[in-house]
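Q: Residue numbers (my numbering), protein chains in the order written: chain A, 1 to 598; chain B, 1001 to 1598.
Some clues are possibly wrong.
Stated by the list, open to error - Straight line, CA to CA, 25 Å or less: simulated SDA-like cross-link-like pairs of lysine to any residue:
1. K223(A) - A1173(B)
2. K1223(B) - S329(A)
3. K1223(B) - D1174(B)
4. K331(A) - P1282(B)
5. K1331(B) - D62(A)
6. K223(A) - S141(A)
7. K1331(B) - R454(A)
8. K1223(B) - P337(A)
9. K1331(B) - W470(A)
10. K1223(B) - A1173(B)
11. K331(A) - T1335(B)
12. K1223(B) - R454(A)
13. K223(A) - A171(A)
14. K223(A) - S240(A)
15. K331(A) - N1586(B)
16. K223(A) - T287(A)
17. K1331(B) - F290(A)
Hints listed in this document are in silico derivations from the structure and should not be mistaken for laboratory results.
Computed from a predicted structure; not experimentally measured.
Here's the letter readout for the chains.
Protein chains: 2
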Amino acid sequence: MSSVLNPRDLAFHLYELLDTDALATRPRFAGQDREVWDAALATAQQVAETHFRPSRSRNDADEPQYLNGRVVTNDAVAPAYQAAAEAGIIAATHDADRGGVQLPHTIASAMIAWLEAANVGSSSYAMLTAGAANLLAAFGSAEQQATWLPPMLEGRFSGTMALTEPDAGSALADLRTQAIPQADGSYHLVGTKIWISGGDHDLTENIVHLVLARIAGAPPGTKGISLFLVPRQQLAADGSVGAWNHVTVGGIIHKMGWRGTVSTVLNFGESGPCVGWLVGEPHRGLTYMFHMMNEARIAVGRSAAAMGSSAYRAALEYAQTRTQGRLPSEKDPTTPPVPLVAHADIRRLLLQAKCATEGSMALVLTCARLVDDEQTATTEAERVRATRLLDLLTPIAKSWPSISCQEAISQAMQVMGGYGYAREYDVEQLYRDNRLNQIHEGTNGIQAIDLLGRKVPQHGGAALQAFAAWVQADCAAARAAGLTDLAEGVEGALTALGAVTGSLVAELQADATRGLANASVYLEVASRVVFAWIWLRQATVAQRALEAGASGPDADFYLGKVAAARFYVRCELPLNTPALALLRRNDATVLELPPAWL
Amino acid sequence: MSSVLNPRDLAFHLYELLDTDALATRPRFAGQDREVWDAALATAQQVAETHFRPSRSRNDADEPQYLNGRVVTNDAVAPAYQAAAEAGIIAATHDADRGGVQLPHTIASAMIAWLEAANVGSSSYAMLTAGAANLLAAFGSAEQQATWLPPMLEGRFSGTMALTEPDAGSALADLRTQAIPQADGSYHLVGTKIWISGGDHDLTENIVHLVLARIAGAPPGTKGISLFLVPRQQLAADGSVGAWNHVTVGGIIHKMGWRGTVSTVLNFGESGPCVGWLVGEPHRGLTYMFHMMNEARIAVGRSAAAMGSSAYRAALEYAQTRTQGRLPSEKDPTTPPVPLVAHADIRRLLLQAKCATEGSMALVLTCARLVDDEQTATTEAERVRATRLLDLLTPIAKSWPSISCQEAISQAMQVMGGYGYAREYDVEQLYRDNRLNQIHEGTNGIQAIDLLGRKVPQHGGAALQAFAAWVQADCAAARAAGLTDLAEGVEGALTALGAVTGSLVAELQADATRGLANASVYLEVASRVVFAWIWLRQATVAQRALEAGASGPDADFYLGKVAAARFYVRCELPLNTPALALLRRNDATVLELPPAWL
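Okay, chain A solo, but in the shape it has when bound (with noise of 0.2 Å):
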């Protein structure tokens, strides 16, 4: 059975792409290197294989079970939890003098993508474990670091992120759970959050939930938001596990796939005062939580990464190893059946899947390579320049890998036919399982208006410049290995980008509802060229490698980049021409639909 991602694919990425290698020199990873990090990463393989993969399938049947007022997990969740806990995957971008790796980004994101791709329902308690501290990190008191992440990142305490509310999902700005000024500088909460993933369970001794709630006599909106550490056990004087602080489970949601993490309503308060504290300032609660979302929404697309490179990866195998029918040409059937892979229509699934997924792993580890570059580039400008790039990428390294890394699982499974629809092998489970990536962390619609209402028009289109840049630097690499087609392909997909975001920008600064109409639409066009260009820097990397004498399986791997580049641009990126006419008149259908026509 072939691994869950190919490692050969994301050595690629890592060293060839992206010159991960050279974080090496920079303060924070001194002593790191190649070594270092491929250690870290064959652990990450070793965890996934040994502890996250075995049980994939039974944590989708054997779901967590609400009993008694707690969540109880099936006997294979909670050792996952520890080992990625003890390898340090949790840990594994924090300072090490809190107790952490202090790893890049890049890395870690690539060791997350192994279990991810194992099994995701798993993954997520390690994964909101790692997004919570990270929060706590960057925003925290001193002294709710020092109390807090350690017991986190080892694996002692589990986290969450608490913000939505059965009235307010997309629409944060009516969340209405109270935070109650108690003499001590604590808060009293109350109040029901809705969707909390690993809200409760019995993996940990403790439960750090980071809630979203109004202070008493807030403003209305999203300024009026804080955010609070509630924690579902009180701690002792001695830092123990003290008594219960009224963290209610008022029921379990059950979801078509992603079924090992558990999905909580969780009532605040409901039974007895709920002690919480607040995280920085007050009213600020949303901008904190939008500075790590931007890292969960890079998450979504990872995770929709890995589940479409697994899916990709068996039926793969499977059309190499099936034999069934003959070519159209052969007309004689005495002759012996082909293997799969061998009919035009199975390579062409299976081209579709390797350009979504390896795209969607280039483009999800290219974000983790900016947020090191925010982090630690040695110059301001350079941190700044990867800040906008983030702003910009974000919305689409969430949306797109969920939607053509969904499409990649389809296709899996229609090169497996009866048998990719069928439990006994994996594909149908990663179906299930990655649709939920184009809900969560903000719906591909919002992404949609993030990018076009937000992103784009932000700091005078500035992200956008910084993207075009690059882009025209990466098609002038091209050009000059020789790539001049897929050149002319992306530098003409920009040109039309620009074109169209002036007009609609300018549109959407008189009337947002206006120029907002078309946005999903806008990110798909947008998406498009991403990819595009993510695959023509594949393509530019692989060919320098063919013309410095790659052989044998290693000149296949690199043969198939730029062929997978190639069909990109040529049968994939010109979707964009009727999506680019319909942004150009900015279509007024849906606009002006009225709802009794539906």
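Starting from the known structure of chain A, fit chain B onto it as the hints suggest.
A: Using the frame of chain A, we list chain B on its own:
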């Protein structure tokens, strides 16, 4: 809660679009009229809502079990099966003198759509029986018909189609089940079939398997396959159910969706003689099966239309009642939130889903109407025309609803956000159920090869010519109704399809493998032309009704039809542009891609 189908839309298709009333003048339907048909449809809706809809979710969770060699269903399935039989749904199209209801296929299809929209997993058993009965009615001997049809139509016996084998899925030419001639004219069957829906259960006294097998000494390939009637239980001399016929359940397969319908491995003759009878002539089994397979393929599209419609209606109701957020131009957070449907992007998702689901329903009912014409039209020329059109439209009616309604269900899920992804709501089950429609009864890749490699070139291209003549007449009617933009769009698309067809047919006649390399893209292009035409037809009818003074909700209904047609032609049909460019150069990427590059 809204009904799973829209009765107003069904009536539009049946009586306004397809002129089903005209069938009343044909001798086969003597004595029938709209009143009779509406009563039949109301009965189907009532059976669907009483016996199928309430157990949809339960039927998914409480799957058929394999216990002690038998398949056991939950106790909601058998009453539903009997209700369908008693309502005449299994016998709907059969001759009155054999116990049938002798309804038009057009009406029967709409009746079955109610069951499929309500609970496809339970409906399958009845549909499989109807299909097997149709096959016997067409090709069985008089004795076979007299013996087996009455108990099947009455609901006492059920039926299956047993084609696929472990090593022969899409490639039926390679099937190996043996039929060994016996002195009494019967055969003993020996072999294994897989993915046999309804292969065993506890719903009926007996199960009639229609099995493809080879008579010893038969030629290789598809020309050596015969069709056999193989009951689970033999019949005693008095016609009562007798001894077990050694059809063994080798196991059951667990699917992602469509869980209510058991999928079995069946072993024939493994533990003792398994007696079967030849249906029709030796070696003609695949021809017989394919005669009925066309019907089964249209039924696949119909179930996709039904499930898509159910999801669309659920999402529409949700979007009209659930409030969330404000319009982008509204900056005051104290204004009340608006219904989801007020957001342009939500209307886009719903309008796309409307195009897919109502377009699919119109197409599959159009195909059913053509089946009626093929069997009962007055002139030979009309009957031949119907056959030609069915040849062409069947692979499209099978595959494009399966694809576009899957997108529609995904769009419905996106409208509902987390609720769409939760098993506490209906949409996620529809997403899992309908995905099978892209795979079974010939994968969509097989449909593409059937369309371009067979249906288009056969009879000198007569099918496409007949279709083009129909489209042109409809475009003239659209122009006469003032819908010039729609007529121009559809005519242009038809012309482009015709041109590219010519070059591809020339290519495939020289080299079938090369000519069919992009068959799936051709299927996509042809399907969009068909959908644009089916929407132009709906818009023309609607426009005439508006001119005739429709008002109130009826006017909204018709205005919605015209708006959806415009959206389809303006925003969806242009997706053909890049696909046509690929086909014009018959892009060789996937044909020539070495598998080692994947």
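Q: Now tell me if each hint is right for this structure.
A: Tested hints:
Restraint check for K223(A) and A1173(B): the C-alpha separation of about 68 Å exceeds 25 Å, so the hint is violated. This hinted pair checks out: K1223(B) and S329(A) have alpha carbons roughly 17 Å apart, not beyond 25 Å. The straight-line distance between the Cα atoms of K1223(B) and D1174(B) is roughly 11 Å, inside the 25 Å bound, and the hint therefore holds. With a CA separation close to 22 Å, the supplied pair K331(A) and P1282(B) stays within the 25 Å bound.
About 46 Å separates the Cα atoms of K1331(B) and D62(A), which puts this hinted pair outside 25 Å; it is violated. Among the hinted pairs, K223(A) with S141(A) is consistent with the structure: their alpha-carbon atoms are about 21 Å apart, no more than 25 Å. Of the supplied pair hints, the one linking K1331(B) and R454(A) holds, its CA atoms being roughly 14 Å apart against a limit of 25 Å. The hinted pair formed by K1223(B) and P337(A) meets the criterion: a straight-line CA distance of about 17 Å does not exceed 25 Å.
For the suggested pair K1331(B) and W470(A), the alpha carbons sit about 35 Å apart, so the restraint of at most 25 Å is broken. Taking the CA atoms of K1223(B) and A1173(B), the gap is about 8 Å. The hint holds against a cut of 25 Å. Under the criterion of a C-alpha separation no larger than 25 Å, the hint pairing K331(A) with T1335(B) is inconsistent with the structure, at around 70 Å. Proximity of K1223(B) to R454(A) is assessed by CA-CA distance (about 64 Å); at most 25 Å being required, the pair is judged violated.
Between K223(A) and A171(A), the direct Cα distance comes to roughly 13 Å. Compliance with the 25 Å bound is thereby established for this hinted pair. Between K223(A) and S240(A) the CA atoms are separated by roughly 36 Å; this puts the pair beyond 25 Å, and the hint is violated. Between K331(A) and N1586(B) the alpha-carbon distance is near 23 Å, which keeps this suggested pair within the 25 Å criterion. For the given pair, K223(A) sits about 9 Å from T287(A) by alpha-carbon distance, which is consistent with the 25 Å threshold.
Proposed proximity of K1331(B) and F290(A) is supported: the alpha carbons are some 19 Å apart, at most 25 Å.
Hint compliance for this structure: hints 1, 5, 9, 11, 12 and 14 are not met, and every other hint is.
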